[in-house]
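> Protein chains in written order, with numbering that gives the first Met the number 0: chain D, 0 to 465; chain A, 0 to 311.
Rather than coming from a laboratory, the hints here were simulated on the basis of the structure. Certain hints may be false.
Over 10 Å on every C-beta distance to chain A, these chain D residues come out as not near it, computed from the model [unchecked claim]:
id, residue
1, T75
2, K181
3, E214
4, S256
5, Q266
6, D352
7, E359
8, E390
9, A406
10, E432
11, Q433
12, F441
13, V462
14, I463
The following label-pair restraints were derived from C-beta to C-beta distances [stated by the list, open to error]:
id, chain 1, residue 1, chain 2, residue 2, range
15, A, I101, D, E214, 53 to 61 Å
16, D, S79, A, G108, 57 to 65 Å
17, D, R262, A, E298, 51 to 59 Å
Note that the Cβ used here is the ideal one computed from N, Cα and C, for glycine as well.
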Amino acid sequence: MSTKKISRRNFIKLAGTVAGGAVLAGCAKTAVETPVATQAAVATQKPIQTQAPTKGPQGNVVVFHDVKELTPEMITQFESEHPGITIEFIDRTEPARLNAMIAAGTPPDLIRVQAPAIPGYLARGLIKDLTPYFEASSVLKLDDLMPANNYYKAESPTKIGTGKIYGMVKDFSPDFTVFAYKKAFEDAGLPTPDPSKTPTYAELAELAKSVAKIEGDRVLMWGYGYEDGWIDRIWMNALAELGQSLYSDDFSKVIISGNDETRKLAQYYYDLAKENLAVNPVNPSPNGWAGGDFTAGILAMMQYGFWFSAMAETDATRGQVVMLPAPTWAGQRRDPTMTATGMVMAEKSQNPDAAWIVFEWFNGEQPALDRAASGWGVPGLKSMLELVPQETDFQKQCFEALKNELALETPPLQFNPYLGETEFTNSWKTQLEQALRGTITFDQMLTNIENDVNTAIADNKAVIEG
Amino acid sequence: MVAARLRLTRTQRRTITFYLFISPWLLGFILLTIIPLIVGFLISLTNYEGLSVINLHFVGTDNYVRAFNSDADARFSLGRTLMWGVYNLPAWLILSFVMALILNQNIKGHGFFRTLYYLTSVVPIVAAITAWKVILDKNFGWLNGFLSIFRPGTAIGWLSDYALQGMTMIAVWTGLGAGMVIFLAGLQNIPDELVEAARIDGANSWQVFRYVTLPLMTPIIFLQLILGLIGVFRQLDLPLVLTQVGLARGAVPPRQIYLYMMHVYRQIFISNRWGYAFSLIWLLFIGVAILTLVVFYTEKYWVYTERPEEGS
């Protein structure tokens, strides 16, 4: 019997882990592989499953996903086609449950993620290398993967783009394209921007000034919209045109006030807000998000990816929308996706082989075909690109514009493994409001953002590196 | 077994029955309150980030020190919460009390009006806020649209420039019904003979209210004050729902309504600082407990209670 004394540190760690794990596990359903007998019992509800299969992966697969993307009907269909495998669905609107499950050591087998989370997950060792599965798959062939899947390839948390494959996109869009509302331009007596010409950000700001309609203090037509929840990603892409980064080489610091180009970017977006050309914390969107403003016909230009084409035309905007190429900040054409929403498998998956069957099905079979045909994004597989709808004039125009953007083959943005997905934007909006109200200066705003973000990086880095 | 049960005295049986009856609540209280409190305290002494326990460390009181020394936003959000209390609590207490007084009169259709005013509390908070946002939006809201008839281009930021006042208005509106019902129940417990006696003694309506109704209602006011006070510090849903489309997209509430619980929420769900967030929650718990004790201490000075006289 060992007589080694447990240190205070280890005792606290153990106690915390046990207590925390026990309580958190209470929130999580235990992802224990379901025995075949149980599966057979479940399967008796469906004639096709009266006998449990004896070959191939079987059991329960826990999937953390979006209920609109993985519907109960789809799950029923999968289970009828794959007797022996059941899917236990957890809605992604329960992030605390996901955290609890991960912390308890029983993570969902498959998890819906966005690209900015990948480096952080890798740094924590939370996701599984799927390279062997991809290499052996006849459904998801390596040479059929769209370049956007490179967000799920990594040599290390700080080197994304090549290396092992940890997942793939469900679909994606080059996210920097701009949708223009023709009527807003007509009302302002301006020609609609030419979709065959690449605008610059400076030109878009000038256009926004010309097309915005402001009566007294009221904004009746906003000039320019962007996803302010992704402001850091927009800056990262603009800086990449110049070969620069928002972060230091080791990702331990954000560099804002020390880089003139980043200051210019901050100034650009500050001015858009100050002049009420874009929704901002002092003058928020009436629809909760700029995309809603565009579809309501009160926003002249909206920077969103191809996916937005599926909803850009509404009763208010039908026949009045055109998709423009991604603007350039410094003359270098780039148009990466900045979300790359997809799926990964947990390193601690209880049932990886069965989970891979679900993964293949969701990303390479009927659900993927349906998604491609829906037009809500570019499919993750090259072979499905032609399924993207091209029926209406607007769809045809968008598809042509899309092909030009895809041809750029822009490499992925390298996200910071030590930073939460919305940490930067939270600070940006908090500080921007104060700067717009004049309680702090523009320079103070930049300093505060740097301090906020660097503190968050330091906190996460300390946890990850122990 | 039967023999053993027979040996129990009546008192023992009653005691066992009592504990059996309260055991579901007691178990729930222990499992869902006491244990989470203890676990929360333990977590507050660590660097727990919510995702991994691999590098979990004991950090002692570092999180608590951080809250006092280097987190300006924690202090700011506490200040905003106190300000929220200053706006919301008196407005809610006074208006719901006044409403109850009005609806306690024997006027025609008082049952209908009681139901009508209580409906505000039945409407789900998200639906209520969505409706209010339509009315109060800066550029396209109905209210500013109406005001623009008289002063074209009016764009008052009810939910941004005056977010605290706007949120107070919504909170009072949604909470009025519940507050009113409790006050109404209290008012209806006031014996008629006391009011009649005061009338016979020549008291006018104000004097009846001041010297009969108000003193007898102080226990209810006290209860409402305590509940309201705790509610002020726990407030999260209103700023959360008012914040555009929620924090998932990195939305943040206007600075005016950046309440303490919003700061805690941000620490957990945006910054993954679970350990630190739990320390903030514990500090809040202690602060609210002290404040509640202070209010309880003042009870003897202003709350009317019917206690048996000494020696009786």
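> Now, for every hint given, state plainly whether the structure supports it.
Okay, the hints, checked on the actual structure:
Non-interface status of D:T75 relative to chain A is upheld: no Cβ of that chain comes within 10 Å, the nearest being about 28 Å off. With a closest Cβ-Cβ approach of about 21 Å to chain A, D:K181 is found to remain outside the 10 Å limit, as its non-interface label requires. Against the 10 Å criterion, D:E214 falls within the reach of chain A, whose nearest CB is about 5 Å from its own CB. In this structure D:S256 is separated from chain A by more than 10 Å, as the shortest Cβ-Cβ distance comes to about 19 Å.
Listed as a non-interface residue, D:Q266 keeps its Cβ farther than 10 Å from every Cβ of chain A; the least gap is roughly 20 Å. Against chain A, the non-interface label of D:D352 holds: every CB pair exceeds 10 Å, the least being about 25 Å. The Cβ of D:E359 lies farther than 10 Å from every Cβ of chain A, with a closest approach of about 27 Å, so its non-interface assignment holds. Taking the minimum C-beta to C-beta distance to chain A, about 31 Å, the non-interface status of D:E390 holds against the 10 Å cut.
No Cβ of chain A approaches the Cβ of D:A406 within 10 Å, the least distance being about 30 Å, so the stated non-interface status holds. The beta carbon of D:E432 sits about 5 Å from the closest Cβ of chain A, which is not more than 10 Å, so the claim that it is off the interface is violated. The claim that D:Q433 lies off the interface is violated: its Cβ sits roughly 6 Å from the closest Cβ of chain A, which falls inside the 10 Å cut-off. Chain A leaves D:F441 outside its interface by the beta-carbon criterion, the shortest separation being 17 Å against a cut-off of 10 Å.
Residue-level check failed: D:V462 sits 5 Å from the nearest beta carbon of chain A, not beyond 10 Å. At the 10 Å boundary, the C-beta of D:I463 falls inside the reach of chain A, the nearest C-beta of that chain being 7 Å off. In this structure the supplied range 53 to 61 Å is violated for A:I101 paired with D:E214, their Cβ-Cβ distance being about 41 Å. Taking 57 to 65 Å as the suggested C-beta distance range, the pair D:S79 and A:G108 conforms, at roughly 59 Å.
Hint check: D:R262 to A:E298, Cβ distance near 58 Å, so the stated range 51 to 59 Å holds.
Violation of the numbered hints given earlier is confined to hints 3, 10, 11, 13, 14, 15; the remaining hints are satisfied by the structure.
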